[in-house]
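Chains as they are written, first to last, in our numbering: chain S, 11 to 357; chain C, -15 to 66; chain H, 54 to 543.
Hint data in this document are derived by calculation from the structure and do not stem from the laboratory. Even glycine gets a Cβ: it sits at the ideal position worked out from N, Cα and C. Careful, some of the hints might be misleading.
[To be verified] Pair by pair, the computed Cβ-Cβ distance ranges are: (1) C:D(-6) <-> H:D437: 52 to 58 angstroms; (2) S:K179 <-> H:L530: 23 to 29 angstroms; (3) H:L135 <-> C:R59: 35 to 41 angstroms; (4) C:D(-6) <-> H:S119: 41 to 47 angstroms; (5) S:D178 <-> H:L524: 32 to 38 angstroms; (6) C:R33 <-> H:L135: 46 to 52 angstroms; (7) H:A78 <-> S:G25: 18 to 24 angstroms; (8) C:E32 <-> H:D437: 42 to 48 angstroms; (9) H:A78 <-> S:E177: 52 to 58 angstroms; (10) H:L523 <-> S:G25: 20 to 26 angstroms; (11) H:E446 <-> S:H322: 50 to 56 angstroms; (12) C:R(-11) <-> H:A78: 21 to 27 angstroms; (13) S:G25 <-> H:L530: 29 to 35 angstroms.
[Said to hold, decoys possible] Computed, partial: chain H to chain C, Cβ under 10 angstroms: (14) Q183; (15) L186; (16) S190; (17) E345; (18) D395; (19) A404.
[Stated by the list, open to error] So these bits of chain H aren't anywhere near chain S, every CB distance computed over 12 angstroms: (20) Q82; (21) L239; (22) V368; (23) C414; (24) L455.
In case you want the letters, here they are:
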Amino acid sequence: MCIQTKLVRSWPRIGPSLCVLLTLAAVSFLGMPVYFLGKQWEDERHFLKNYRAPNDYETQIAFTMNYAVNSSEKNDVVFHGDSTCLINLRPKRFEELTGMKAYNLGSVGVIGFDGFVWVLRSYLEHHPRPRALVLCIHPRALKEPAMGFGPREAREPFVWSYGPGTEDKRPPHERPVRDYFRQGLWIAYGHLTGGAQRYANEPVYNRQGKSYNTLAAEMIKERGYWEQPGTLEDDWRPRKLIEEPFNMLPGNMEGLVELAKLTQDNGILLLIRIAPLVKGDGPTNSAALRSWTAELEGNFSNVIVSRPEILHYDADCFSDIDHCNRKGADMFTAFVGAEVTKAIAGR
Amino acid sequence: MPDVRARVQDIFRDVFDDPAIVLRDDMTAGDVDGWDSLAHINLIIAVERKLGVKFATAEISRMKEPGQNAGSFLRLIEAKVV
Amino acid sequence: MNICSLAFLACVSVVVIVYHLFAHARERQLFLTTVNYLFLSSLVPNVQSWLCLLFFIGVTYAMLSSMRARPSYNSVLVFVGLIVVVFLYLKGYLDMNEILPADFQLGPVAVIGLSYMLFKFIHMLVDLSQGQLAAFSFLSYANYQLSFFTLLAGPIQRFNDFQRSWEDMDAQPADTRETLQSWSRLLTGLLKMGVLAPLVEQLVVGQDAKSDVLQRFAIQFYGFPVYLYLNFSGYTDVVIGCGRLLGFQLPENFNCPYLARNAIDFWNRWHMTLTHWIRDYIFMTSYKRVAETVPAWSKPLGYVLLFFSLFVAGVWHGVTVSFAVFGIIHGLGVALNQAYTDALKAWLGRAGLQRYQKNCCIHLLAVVVTFHFVCFSFLFFALDVRGAWELLEAALGQLMALASTVEVHWFYRASLIEAGLVLLLAVLRWRRPASGGRKPPDGPSGGLRPPLAGRWLYALVFAKTALVVLLFTAMWLSQQKDPVLVYMRF
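In isolation and in its complexed conformation, chain S is listed as follows (with noise of 0.2 angstroms):
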């Protein structure tokens, strides 16, 4: 019997059936281009996305890159490092002290040792070499993993944006047809509805209701400080931050070295400064730190540790138990301006 023959006798049957599988294939087939548009939006390693303002981890990691990238003025310090650079040393304020130019090149733990590394190459790669790099970390960064200081969202995203760009790096997908599906919808919805120009002037989470527009225009007047104000609550408790033995974690170190050698190659000279602690949190004695600063130094002669490897200030210098306020900041900035002046003479 052919074909025809059969489908004829069969059509009460087959019909209704090729309906439904007809109505499948096309929403299938309409659903093709959302896929591929999620798909090329991730393959184009953007970083912000177009269809909700960035939330403050983004606007961070974004306006960091941002300078690092787009512009290529010529510094004489560059400060470096996780929030607690970002927001406890001012580039104005160490102008004053030292006359020496500088910016403030920290962004958020998250992006971790590895991303301090792509940051500086980054920078390195547009702007002409600075004096000194002083590398401002909070004392869990050395123990803790990058993703311990903020969401995968963040890091992940980052990591594949601005990372070394190879394929292992990509954000890992649980279901990948699901999330590019989804993300092409998100695309698409982000298109139609003004893309990423819109959503840079809407509110930036956790910024006080600023936008992002609002923020990059601010941080480009401090040349990368962020200020936290306010002070901190009388209901803080102590940690122990630094205990006896002191391993610092072994991918932690890996980027550190990196960051040394990079600096080295490029003449730089690498103070790394712990930020400070609100006075009774974390240990005073810092032996615990010494042998491995030691070795560092050892190994690179362009790195310097600054020290008291720990400093304490009272807790009205700070807005929460980890970041300065502008009292702080510009207590610290001073400090830091002072060993930075003493390294460099010291060359």
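Fit chains C and H to the supplied structure of chain S, relying on the hints for placement.
What follows is chains C and H alone, placed relative to chain S:
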């Protein structure tokens, strides 16, 4: 077979304790008060004993299916009696 | 493959189209065998599970062949005893690893639908011993046991019905309207199981332990039965729709169970094929023997056997204390229901009982009480005994405390809403034909309303397909876990 019908009707009246039952071909379980699972088995046992027939499990179960009625039950009995 | 997925929907449509392109029954049989095998392959996780499955099918077929050659009641008892032991071992209820040689010891196996296969086998064995079974071959038997539309969780189809369709292979001229209605049913099942049931499940499962205990209790008490019904009846709609598209008329499993007026009526509406199997092969068989042997004791023993039958239904779900409690509750419910009916008949007489049963207020009250009885029993279905008891205790405690206040608490407002819902249910119930096992089941209208014209049916199927695709896609995108058929684990 009128004899079988009459005897089955007597059995129905006896099992359901209702002398007013008149067996009709279109009669179903819903038309007879108290025709539940227990009574159904009692009816089967009574028919088996009095008419000397045997019902299989599947036949007993089939009687409770939609579409089955006293007429189909009688035809089944008549086939077994013959 | 998950039966509640767009992939399954696409596969079914392709299978139906290809199936009907084959002209001969034999070709269709072989094609269906291939489809059943492929579906099974997606569910059997490892070689050991395959071996267990093939062993079970092989051994049961051998037993049936032996029974076919020499039917005997004693053989039925021996074979059933043996296969129950095999079943208990394969399900992991019987640890025989100490007595079996190392090569025969069971590792992690998953044999899907084993208990349903056991029921089907026992039914075939008994019917075969009594000369009631249609002729069968290994191919038809294997397909009967492993057909993709009854494998996971039934319905428990009788072999003769399957064999009729197997021989016929949908050779009769088909009706487009009937096909569209089957598709409509299948799509409705997907919506129930894949969209509505997960939404209700989220409400029940996602409760905050710190929220008001009465609220938690109410959501668990009423929400879980709704979820279970949507999940299981949705699955049933899907497989019945599938079966009908391939020419197999599967039996119904649900008939508005929460409108039952008593425990017996509930089991005649909930998981009907299981109830009928237990009725035919456990209850009727045992009661017949008792009534023949000791007729004077048949009535009280009848109650005991009713209790036992429903207790078996309970522990069939799982050999745990909570399912045993579930079985005890329903066993008692059914036995007491029968005793109550007999007592009423003795007290009121036949005419009085008729008036009683036709009284709409009594009917309404009976439906409400039965619904709450069922919801109470499902507490032990969803939670372990301790969890259910603690929740009940906490809720009752709070209720007692509230009862002493005059303030109209939200719980009382909720009770008023519930009373309104019950009234609405009663009105809906009033519009349907009387009960007694002859109600039109869930699914196609069965003649209650005028059939839709062809093009409107096409539009309905198209709309349902689009809705299923959109909602399934939305749920997939929102990272919901795939809907799981609750009854697949039994």
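Kindly indicate which numbered hints from before are broken by the structure, ordering the numbers from low to high. The structure conflicts with hints 6, 12, 16 and 21, although it agrees with all the remaining ones.
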